[in-house]
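A.B. asks: Order-wise, the sequence lines are chains A and B. Sequential numbering of the first sequence, starting at 6, is according to my numbering. Sequential numbering of the second sequence, starting at 6, is according to my numbering.
FYI, nobody ran anything at the bench for these hints, they're computed from the structure. Don't take every hint at face value.
It does not matter which identical chain is meant; a pair holds if it fits inside one copy or across any two.
Straight line, CA to CA, 25 Å or less: simulated DMTMM-like cross-link-like pairs of lysine to aspartate or glutamate [said to hold, decoys possible]: (1) Lys382 <-> Glu134; (2) Lys300 <-> Asp330; (3) Lys110 <-> Asp330; (4) Lys141 <-> Asp232; (5) Lys141 <-> Glu109.
No experiment lies behind these values; they were computed from the predicted model shown.
Protein chains: 2
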Amino acid sequence: MCSKLHLPGKSPGLRTSSHPYQARRSNFHTSGDRCLISKEVVQGFMERCMISVGTKPHHARSLAEVLVEGDHRGHYSHGLNRMEIYVKDIQLGICAKDGEPVVEKESVATALVNGNNLLGPVVGNFCMELAIKKAKEAGIGWVVAHGSNHYGIAGYYAMQALKENMIGMSFTNTSPVVVPTRGKECTLGTNPISVAAPAKDGDSFVLDMATSAAALGKVELYDRRGDSIPEGWGCDAQGTLTTDPKRVLSGGGLLPIGGSEATGGYKGYGLGMMVEVFCGILAGAQYSKHIRTWKETDRVANLGHCFVAINPENFAPGFSDRMSDLLSIQREMEPAVVNTPVLAAGDPERMNMKRCEDMGGIPYHINVVNYMNEFAKKIGVHPLLPCDTLISN
Amino acid sequence: MCSKLHLPGKSPGLRTSSHPYQARRSNFHTSGDRCLISKEVVQGFMERCMISVGTKPHHARSLAEVLVEGDHRGHYSHGLNRMEIYVKDIQLGICAKDGEPVVEKESVATALVNGNNLLGPVVGNFCMELAIKKAKEAGIGWVVAHGSNHYGIAGYYAMQALKENMIGMSFTNTSPVVVPTRGKECTLGTNPISVAAPAKDGDSFVLDMATSAAALGKVELYDRRGDSIPEGWGCDAQGTLTTDPKRVLSGGGLLPIGGSEATGGYKGYGLGMMVEVFCGILAGAQYSKHIRTWKETDRVANLGHCFVAINPENFAPGFSDRMSDLLSIQREMEPAVVNTPVLAAGDPERMNMKRCEDMGGIPYHINVVNYMNEFAKKIGVHPLLPCDTLISN
Numbered sequence: 006m007c008s009k010l011h012l013p014g015k016s017p018g019l020r021t022s023s024h025p026y027q028a029r030r031s032n033f034h035t036s037g038d039r040c041l042i043s044k045e046v047v048q049g050f051m052e053r054c055m056i057s058v059g060t061k062p063h064h065a066r067s068l069a070e071v072l073v074e075g076d077h078r079g080h081y082s083h084g085l086n087r088m089e090i091y092v093k094d095i096q097l098g099i100c101a102k103d104g105e106p107v108v109e110k111e112s113v114a115t116a117l118v119n120g121n122n123l124l125g126p127v128v129g130n131f132c133m134e135l136a137i138k139k140a141k142e143a144g145i146g147w148v149v150a151h152g153s154n155h156y157g158i159a160g161y162y163a164m165q166a167l168k169e170n171m172i173g174m175s176f177t178n179t180s181p182v183v184v185p186t187r188g189k190e191c192t193l194g195t196n197p198i199s200v201a202a203p204a205k206d207g208d209s210f211v212l213d214m215a216t217s218a219a220a221l222g223k224v225e226l227y228d229r230r231g232d233s234i235p236e237g238w239g240c241d242a243q244g245t246l247t248t249d250p251k252r253v254l255s256g257g258g259l260l261p262i263g264g265s266e267a268t269g270g271y272k273g274y275g276l277g278m279m280v281e282v283f284c285g286i287l288a289g290a291q292y293s294k295h296i297r298t299w300k301e302t303d304r305v306a307n308l309g310h311c312f313v314a315i316n317p318e319n320f321a322p323g324f325s326d327r328m329s330d331l332l333s334i335q336r337e338m339e340p341a342v343v344n345t346p347v348l349a350a351g352d353p354e355r356m357n358m359k360r361c362e363d364m365g366g367i368p369y370h371i372n373v374v375n376y377m378n379e380f381a382k383k384i385g386v387h388p389l390l391p392c393d394t395l396i397s398n
Numbered sequence: 006m007c008s009k010l011h012l013p014g015k016s017p018g019l020r021t022s023s024h025p026y027q028a029r030r031s032n033f034h035t036s037g038d039r040c041l042i043s044k045e046v047v048q049g050f051m052e053r054c055m056i057s058v059g060t061k062p063h064h065a066r067s068l069a070e071v072l073v074e075g076d077h078r079g080h081y082s083h084g085l086n087r088m089e090i091y092v093k094d095i096q097l098g099i100c101a102k103d104g105e106p107v108v109e110k111e112s113v114a115t116a117l118v119n120g121n122n123l124l125g126p127v128v129g130n131f132c133m134e135l136a137i138k139k140a141k142e143a144g145i146g147w148v149v150a151h152g153s154n155h156y157g158i159a160g161y162y163a164m165q166a167l168k169e170n171m172i173g174m175s176f177t178n179t180s181p182v183v184v185p186t187r188g189k190e191c192t193l194g195t196n197p198i199s200v201a202a203p204a205k206d207g208d209s210f211v212l213d214m215a216t217s218a219a220a221l222g223k224v225e226l227y228d229r230r231g232d233s234i235p236e237g238w239g240c241d242a243q244g245t246l247t248t249d250p251k252r253v254l255s256g257g258g259l260l261p262i263g264g265s266e267a268t269g270g271y272k273g274y275g276l277g278m279m280v281e282v283f284c285g286i287l288a289g290a291q292y293s294k295h296i297r298t299w300k301e302t303d304r305v306a307n308l309g310h311c312f313v314a315i316n317p318e319n320f321a322p323g324f325s326d327r328m329s330d331l332l333s334i335q336r337e338m339e340p341a342v343v344n345t346p347v348l349a350a351g352d353p354e355r356m357n358m359k360r361c362e363d364m365g366g367i368p369y370h371i372n373v374v375n376y377m378n379e380f381a382k383k384i385g386v387h388p389l390l391p392c393d394t395l396i397s398n
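If we strip away everything but chain A, and leave its shape as in the complex, we get (with noise of 0.2 Å):
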């Protein structure tokens, strides 16, 4: 069995989401009032909420600004949401207020990093300059780190490599909570990949996903709503898969991508460990069961992430017209449901960012504004988060 699974820095109301196809839902199609907030004013707010706490202002920004993107891009489980854990952890001294990542070995195309246990952001933006600097000399970066944290949606860093007109990569690991086919024990985290690819435009192949098949934030939304869960989502402590959402919550875990061994789960649990012979592995960090759980604040998290930039100049002419043409082929093809297209990988984050800028701001559940401000008072930090621009549902 696993320890039981809870998400850190959960507010009442708040709807998480992690996967583009119900991120808009989830935002948009809740009940309760919203505010909404400029991101400007959100990263600044964050950035003040760090800087409290005694963390260096640049390591402060590249925090607020990975999470505000989660935000805009609809992830709100990799946002404001998390921001009291990062600063709880700089609080207690887990994570460090001081230094800066280090470079320990590299090659003209390959690097290894040590984050000094930095935030996770400080160490990720550091680790895909550095790959793409490498890519631009030699077609192609690999770097991977350890001695890491939490670094909020790997798709943040890929997207860096788009700037560059170059297919950006990352990944990384993460605290237990996936049972492996055949298991019953959490050795592996939702482990994601992303991978950006630009095409013409400004257009771009954005995948950023968990590899496992829901987040545990949606088995909580279940829960919370009194719902079952589809099956193929999760399992109990003896590793039976459940569709009840409290057994998966109390002893029992996520399964990887595919669901049950009959429906190819094993190909999400291959996935899986995939990802973390590029991260734990492969940067000497903490990885599988050895990686904290999420409710340990008494140990450092050593979390090993990976990130590649790879410059399609190095290869055959015309990338971004084909990369155009094979985004074009999904999304102009007839759906199988009328008003239900067809979206590559990105559109529904497109779609997210889009509405937040016809709204003008990032749409937040009231609740979350007043628990956050609540949390920036103890902490002493003023202005506090803006509520005067309310929308209903």
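Take the given structure of chain A and dock chain B to it, following the hints.
C.D. replies: Frame of chain A; chain B shown alone:
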């Protein structure tokens, strides 16, 4: 809707298998007599067949080695069963007999290769060797090829890196048989991902998986038995999920890993697209629905592949120790069901090879052997496959 799907070179009585957990069952637990034939004898036979139609001896050997390895590992869908297609491609001039692959562009860590329309394994071996060479120098080698043909099991190439204590990866695009989430048209192949990583004492992790929920051969098998397929494997010509294998095979298509949108099929769709980005798009080969269908033999395939080698020496010391521990954590876990041990990717194939060794050969269904011998007679090949060691079931 998609073209009617069918697997080429299918012989009566043949059982295909495409995923590790099924390999043993599909091979050993079916009815009918089987002939035990040694790897060497099968390989020699395949080489003679290829040479008889004008294939260069060393190209014939490259192909035979990959195919016999497919059978040995239990992936009968990618072994002797497929030889007929390769022979016909050479006979028809659709695949080239002469020439060698050439490097068109390269850096210390990357290369673009023109496969010159040669047999897939000839191109694959050339590229994987080059990737390993680059990884020795630069820590990583990322090599893509266009102008290639079917290359057998993806894992064969990834595993070449194990001999050098490196991580190996291999990807290929394939003929369109998979329908993207929400769509109704086959625009992606089964686009496999293979990743191999060395552990201690010759142990390893070998992921070799299609990005479709199931293989076409499995759907055909259910159809022949008159059984329904599990929900999530395929859809009909309107893109509607179906459990009727006939509807999948007649104008429908396979679903990506994860199945329907509700169960996370968009993740498998994203992974299939990722493989296409690495192969057809990066290499400038055919891609997506532009790739010829299985039925077409009037134009060259121009498939794209991608090969990667990563040298753990360029990263944290102790890689193989951590790999062994990672594998042990999974394998030594108490299983959910007694006597159904948790496996690591590559274990089912290892078990299959062990059984072959214990028995003294690869067990081929007698119908397959007879079919291949009839075929060989037509192209003037002798000696034929022997069938003097029969086993039942």
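A.B. asks: None of the hints should be skipped; say for each whether it holds.
C.D. replies: Status of the hints after comparison with the structure:
1. Lys382 <-> Glu134: neither (35 Å within a copy, 61 Å between copies)
2. Lys300 <-> Asp330: between (46 Å within a copy, 24 Å between copies)
3. Lys110 <-> Asp330: between (40 Å within a copy, 24 Å between copies)
4. Lys141 <-> Asp232: neither (50 Å within a copy, 54 Å between copies)
5. Lys141 <-> Glu109: Intra 21 Å, inter 19 Å, cutoff 25 Å: intra and inter.
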